[in-house]
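Undergrad: Chains as they are written, first to last, in the working numbering: chain A, 1 to 110; chain B, 1001 to 1140.
If you are wondering where the hints come from, they were derived from the structure by calculation, not from laboratory data.
Incorrect hints may appear among the rest.
Claimed, not checked - Below 25 Å or equal to it, Euclidean Cα-Cα: the simulated SDA-like pairs (lysine to any residue) are:
#1 A:K82 to B:F1016
#2 A:K82 to B:K1025
#3 B:K1031 to A:S39
#4 B:K1117 to A:E24
#5 B:K1116 to A:E64
#6 A:K81 to B:G1013
#7 B:K1116 to A:S39
#8 A:K42 to B:V1138
#9 B:K1031 to A:E24
#10 B:K1028 to A:N44
#11 B:K1031 to A:E87
#12 B:K1117 to A:Y29
Only a predicted model underlies this, so the values are computations on that prediction, with no experimental measurement involved.
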Amino acid sequence: MKVKDIIDALNLKVSAGATGVDGEVSGCYIGDLLSLAMSSLKENNVWVTIQTNVNIVAVSVLVEGACVILCDGQEPDDAAKKKADNEGVPILSTEKTAYEVAAELSRLGV
Amino acid sequence: MADGLKLHFDVDGTDFTVAGECSSKVKKTLKQLGFDPELIRRVAIAMYEGEINMVIHANGGTIDVEISPESVVVILKDTGPGIPDLDKAMQEGFSTASNTVRELGFGAGMGLPNMKKYTDKMEVDTVPGVGTTVTLSVIV
Ligand SMILES: Nc1ncnc2c1ncn2[C@@H]1O[C@H](COP(=O)(O)OP(=O)(O)O)[C@@H](O)[C@H]1O
Ligand SMILES: [Mg+2]
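Based on the provided sequences and hints, a complete structural model is requested.
TA: Dropping the structure here:
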């Protein structure tokens, strides 16, 4: 499964990093504390969070995650958008809650 | 690479947006040199935590990385406030980070414990009012 398949299935808005949507996806981590996210996130994971600052991109690059999903209607700030575009890390926004996102990802077999 | 490879970074203590750049560069270098992915992950996470600590607790500093076929050593040096009670600071969950910093997702109090967990050796040399030097070593 690819990031773009998730975008279509969950009807997510691509807020930044559109060049990364062909990346492979497997597994998911949900959380907002960077230290915990960093040690739990695995390669190609989807990271569901409400953090919107540039460090979500830094962490995602570090762990080679697939994309970041911002739930509860959150949008990345400008610095995060810029870095996500440079690094090709898709930041996807949705009004759905973390639970709703996780349930749908699980249904998709992520 | 007989003598090893040395990298030096200056970490700006006022700019959150550059945090992670140094660990990202080291990660790329280690990849090019063909190091094991799990080792690279450990070095990158430990170094990122150290980099963040420099920015949120110590107004920046310098990082020196020494890469050799036997080990990767990361030396994080700052002239910040120092750590008055290191045993306490090493405990999971202990943090003096401000609310502003916490809202950004830092300040979980897991930085120093993570740095220890992901490296083979961690030495902290800290003097209140003078600064902190953290030396992280990962054996290949
Ligand atoms: N370089 C540093 N200079 C001064 N104090 C530090 C430094 N690194 C860590 N500390 C102190 O140790 C505490 C614990 O650090 P850490 O485990 O990384 O947690 P956190 O950064 O989330 O607070 C910090 O809250 C801070 O008081
Ligand atoms: Mg820390």
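Undergrad: So, for every hint listed, does it hold in this structure?
TA: We went through each hint and held it up to the structure:
With a C-alpha separation of about 14 Å, the suggested pair K82 of chain A and F1016 of chain B falls inside the 25 Å cut-off, and the hint holds. Of the pairs offered as hints, the one joining K82 of chain A and K1025 of chain B holds, with about 18 Å between alpha carbons and a cut-off of 25 Å not exceeded. At roughly 19 Å between alpha-carbon atoms, K1031 of chain B and S39 of chain A fall within 25 Å of each other, so this suggested pair holds. For the hint linking K1117 of chain B to E24 of chain A, the alpha-carbon distance of about 29 Å lies beyond 25 Å, and the restraint is violated.
For a cut-off of 25 Å, the pair hint linking K1116 of chain B to E64 of chain A stands: about 22 Å separates their Cα positions. At roughly 22 Å between alpha-carbon atoms, K81 of chain A and G1013 of chain B fall within 25 Å of each other, so this suggested pair holds. Proximity of K1116 of chain B to S39 of chain A is assessed by CA-CA distance (about 13 Å); at most 25 Å being required, the pair is judged to hold. Using a Cα cut-off of 25 Å, the hinted pair K42 of chain A and V1138 of chain B holds, with the two alpha carbons roughly 20 Å apart.
About 20 Å separates the Cα atoms of K1031 of chain B and E24 of chain A, which keeps this hinted pair within 25 Å; it holds. Using a Cα cut-off of 25 Å, the hinted pair K1028 of chain B and N44 of chain A holds, with the two alpha carbons roughly 17 Å apart. Proposed proximity of K1031 of chain B and E87 of chain A is supported: the alpha carbons are some 17 Å apart, at most 25 Å. Taking the CA atoms of K1117 of chain B and Y29 of chain A, the gap is about 20 Å. The hint holds against a cut of 25 Å.
Hint compliance for this structure: hint 4 is the single one not met.
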